[in-house]
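Colleague: With these hints in hand, go ahead and build the complete structure from the sequences.
Sequence lines, in order, name chains Y and A. For the first sequence, the working numbering gives the first residue as 8, with consecutive numbering after it. For the second sequence, the working numbering gives the first residue as 8, with consecutive numbering after it.
Since the hints were derived computationally from the structure, they do not count as laboratory data. Among the clues, some could well be false.
Same chains, same label: a pair holds when it works inside one copy or across any pair of copies.
[Stated by the list, open to error] Computed list of lysine-lysine pairs in DSS-like fashion (alpha-carbon distance at most 25 Å, straight line):
#, residue 1, residue 2
1, Lys182, Lys303
2, Lys52, Lys318
3, Lys318, Lys250
Remember, it's a predicted structure, so these values are computed and weren't measured experimentally.
2 protein chains.
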Amino acid sequence: MNRFAYSIAATSMILALALPAASQAATAAAAKPAPTMDQILKASKPSDWRALNPDDTLYMDLPQGRVVIELAPVYAPLHADNIRTLAHQHYWDGLAILRVQDGFVSQWGDPAVEAKHPDHPPRSVGKAKSTIAAEFERDVSSRLPFTRLPDGDVYAPEVGFSNGFPAARDPKTGKTWLVHCYGMVGAGRDNTPNSGPGTELYAVIGQAPRQLDRNIALIGRVVQGMQYLSDLPRGNGPMGFYKNPAHQTKILRVRLASDLPASERMHLEALRTDTPTFEALVESRRNRSDAWYLYKVGKIDVCNVPLPVRKAPKLP
Amino acid sequence: MNRFAYSIAATSMILALALPAASQAATAAAAKPAPTMDQILKASKPSDWRALNPDDTLYMDLPQGRVVIELAPVYAPLHADNIRTLAHQHYWDGLAILRVQDGFVSQWGDPAVEAKHPDHPPRSVGKAKSTIAAEFERDVSSRLPFTRLPDGDVYAPEVGFSNGFPAARDPKTGKTWLVHCYGMVGAGRDNTPNSGPGTELYAVIGQAPRQLDRNIALIGRVVQGMQYLSDLPRGNGPMGFYKNPAHQTKILRVRLASDLPASERMHLEALRTDTPTFEALVESRRNRSDAWYLYKVGKIDVCNVPLPVRKAPKLP
Numbered sequence: 008m009n010r011f012a013y014s015i016a017a018t019s020m021i022l023a024l025a026l027p028a029a030s031q032a033a034t035a036a037a038a039k040p041a042p043t044m045d046q047i048l049k050a051s052k053p054s055d056w057r058a059l060n061p062d063d064t065l066y067m068d069l070p071q072g073r074v075v076i077e078l079a080p081v082y083a084p085l086h087a088d089n090i091r092t093l094a095h096q097h098y099w100d101g102l103a104i105l106r107v108q109d110g111f112v113s114q115w116g117d118p119a120v121e122a123k124h125p126d127h128p129p130r131s132v133g134k135a136k137s138t139i140a141a142e143f144e145r146d147v148s149s150r151l152p153f154t155r156l157p158d159g160d161v162y163a164p165e166v167g168f169s170n171g172f173p174a175a176r177d178p179k180t181g182k183t184w185l186v187h188c189y190g191m192v193g194a195g196r197d198n199t200p201n202s203g204p205g206t207e208l209y210a211v212i213g214q215a216p217r218q219l220d221r222n223i224a225l226i227g228r229v230v231q232g233m234q235y236l237s238d239l240p241r242g243n244g245p246m247g248f249y250k251n252p253a254h255q256t257k258i259l260r261v262r263l264a265s266d267l268p269a270s271e272r273m274h275l276e277a278l279r280t281d282t283p284t285f286e287a288l289v290e291s292r293r294n295r296s297d298a299w300y301l302y303k304v305g306k307i308d309v310c311n312v313p314l315p316v317r318k319a320p321k322l323p
Numbered sequence: 008m009n010r011f012a013y014s015i016a017a018t019s020m021i022l023a024l025a026l027p028a029a030s031q032a033a034t035a036a037a038a039k040p041a042p043t044m045d046q047i048l049k050a051s052k053p054s055d056w057r058a059l060n061p062d063d064t065l066y067m068d069l070p071q072g073r074v075v076i077e078l079a080p081v082y083a084p085l086h087a088d089n090i091r092t093l094a095h096q097h098y099w100d101g102l103a104i105l106r107v108q109d110g111f112v113s114q115w116g117d118p119a120v121e122a123k124h125p126d127h128p129p130r131s132v133g134k135a136k137s138t139i140a141a142e143f144e145r146d147v148s149s150r151l152p153f154t155r156l157p158d159g160d161v162y163a164p165e166v167g168f169s170n171g172f173p174a175a176r177d178p179k180t181g182k183t184w185l186v187h188c189y190g191m192v193g194a195g196r197d198n199t200p201n202s203g204p205g206t207e208l209y210a211v212i213g214q215a216p217r218q219l220d221r222n223i224a225l226i227g228r229v230v231q232g233m234q235y236l237s238d239l240p241r242g243n244g245p246m247g248f249y250k251n252p253a254h255q256t257k258i259l260r261v262r263l264a265s266d267l268p269a270s271e272r273m274h275l276e277a278l279r280t281d282t283p284t285f286e287a288l289v290e291s292r293r294n295r296s297d298a299w300y301l302y303k304v305g306k307i308d309v310c311n312v313p314l315p316v317r318k319a320p321k322l323p
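Modeller: Following this line, the structure appears as structure tokens:
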């Protein structure tokens with residue numbers, strides 16, 4: 008019993024019975040199901056993909072495996088610069104995942120910062136900055152392409168995708184910002200807006216906490232290895248911090264891909280979000296053609312759109 | 008550095024600077040912050056809470072701890088009956104969590120059903136039914152109170168809460184249904200609508216998969232112990248099923264609370280969702296008064312509203 012199966016077996020009968028008052032055209036369409044996401048990806052062209060930039064790619068190695076993060080320098084340039092500087096210096100090596108709050112975030116950084124023990128001062132940030140101006144939203148510009156979703160949003164006037172990241176816009180203010188979907192990575196901060204220099208980062212592991220949008224700088228997205236952040240034991244202290252430091256997960260090392268020799272870099276590609284292929288992917292998720300779906304909702308939330316990443320195929 | 012702190016320290020200055028074009032009335036309100044969720048819960052009256060009905064409460068004991076599920080018999084009466092019968096018979100004892108798909112669901116049931124090995128037939132369902140009519144939506148009725156949220160929804164015409172569960176309504180069709188928020192529990196099915204008798208259940212562990220709404224029967228909600236379903240290693244097979252049965256988590260036992268002696272029952276209470284206290288809670292999450300929040304979004308998604316459950320306080 009393959010429940011929620013993604014099979015594309017003959018669907019016309021079931022769909023015809025289940026769809027409300029379908030027009031003849033719709034019935035004809037149902038007879039030949041629209042392509043599924045898997046079919047769309049298989050039919051994609053090389054130009055539908057973009058290679059991840061090594062200057063914008065972080066590898067965070069945990070004992071369980073590697074987490075790959077793509078930085079979003081167009082949205083958070085100061086944070087991206089500081090995070091690159093911290094990675095150059097191997098700032099995170101030997102630090103830890105300090106917090107895992109169920110349904111919310113996993114967060115990593117320097118245990119000494121949280122512990123505030125006089126004998127164990129925090130690690131130096133070296134040449135990196137310890138405060139950065141808030142980068143919570145930006146002016147809409149041509150550098151920030153926007154593929155808008157048609158189905159609206161509870162939190163923002165417009166939502167869609169920009170350079171592969173889920174994003175929102177407000178035509179009234181002329182501002183745009185990244186949104187807190189599953190797997191998005193941000194720079195933790197204290198109560199002052201400039202207190203999050205990127206030393207302590209978090210990834211969303213639950214229902215999109217959209218109330219954080221425009222309240223904190225999102226700096227990128229986990230593009231591979233998300234499960235190593237989401238399957239960790241939940242912290243037993245307030246807000247999911249681990250009471251016992253022995254429960255923290257050690258970070259082996261964090262490296263910027265461009266700091267590694269070419270032979271040690273991963274060759275990953277992300278599906279572009281400004282192409283007809285991506286539009287077809289969105290449509291395949293708004294109206295699932297898989298036989299399992301009896302009711303087609305015809306809508307999608309910005310945080311339910313998959314953003315595929317793959318190993319670069321070998322050239323012929 | 009208590010990031011995302013829930014402190015309620017003096018907020019007026021920061022808020023006054025950050026809020027766009029606040030009216031004088033709003034400025035005055037900011038000077039005396041609205042109560043936080045914690046403050047609202049602390050001030051709640053006994054009548055704001057309802058005891059969980061032992062006939063509607065399942066305890067699923069895993070090696071790591073107990074998962075408590077509240078059934079939703081008003082929305083899925085046939086499924087609730089069948090699940091009670093299965094629990095009476097100790098159907099799930101010794102079965103396993105078969106699937107953990109990152110950002111989607113954890114799913115449990117009989118490994119033999121999925122394995123389809125001729126020498127290991129599935130466990131008998133005994134007096135329970137092996138097929139049940141679909142219970143994907145119901146007629147709106149007075150038995151289904153509805154506290155509507157004011158902020159709209161991407162997927163449904165109306166969303167809110169009914170008897171403690173997240174729900175949706177369509178005034179045009181006169182139908183109502185439960186929605187797939189984090190922690191909601193449903194009855195897995197094959198491609199035919201009546202193929203999900205409640206033997207194999209799943210809980211949502213990621214971003215609300217709202218495309219499942221009206222496509223499958225939601226039968227309840229995890230009200231405690233969610234972390235024991237969300238922190239499991241992700242399955243390495245297709246759709247997050249474990250390729251190696253040794254990686255499955257064994258279910259020690261599943262019991263209906265009313266099948267246990269009174270001394271072995273937990274005394275849990277859920278916050279009622281049809282009270283002014285609940286409305287105040289929703290408002291405290293639409294506009295956070297915590298000092299950390301610089302921007303107040305003034306909106307909330309149905310799946311971001313907390314549904315508190317507590318140990319019943321001792322009577323004086």
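Colleague: Are the hints correct? Go through all of them and say.
Modeller: Here's how the hints hold up against the structure:
In this homomeric assembly, Lys182 and Lys303 come within 25 Å of each other (Cα to Cα) only across copies, at 16 Å, whereas the closest approach inside a single copy is 33 Å. In the homo-oligomer, the alpha carbons of Lys52 and Lys318 lie at most 25 Å apart inside one protomer (14 Å), although the nearest pairing across protomers, at 56 Å, exceeds that limit. For the homomeric pair Lys318 and Lys250, the shortest alpha-carbon distance between copies (23 Å) is at most 25 Å, but the shortest distance inside one copy (38 Å) is not.
Checked against the numbered hints given earlier, this structure breaks none of them.
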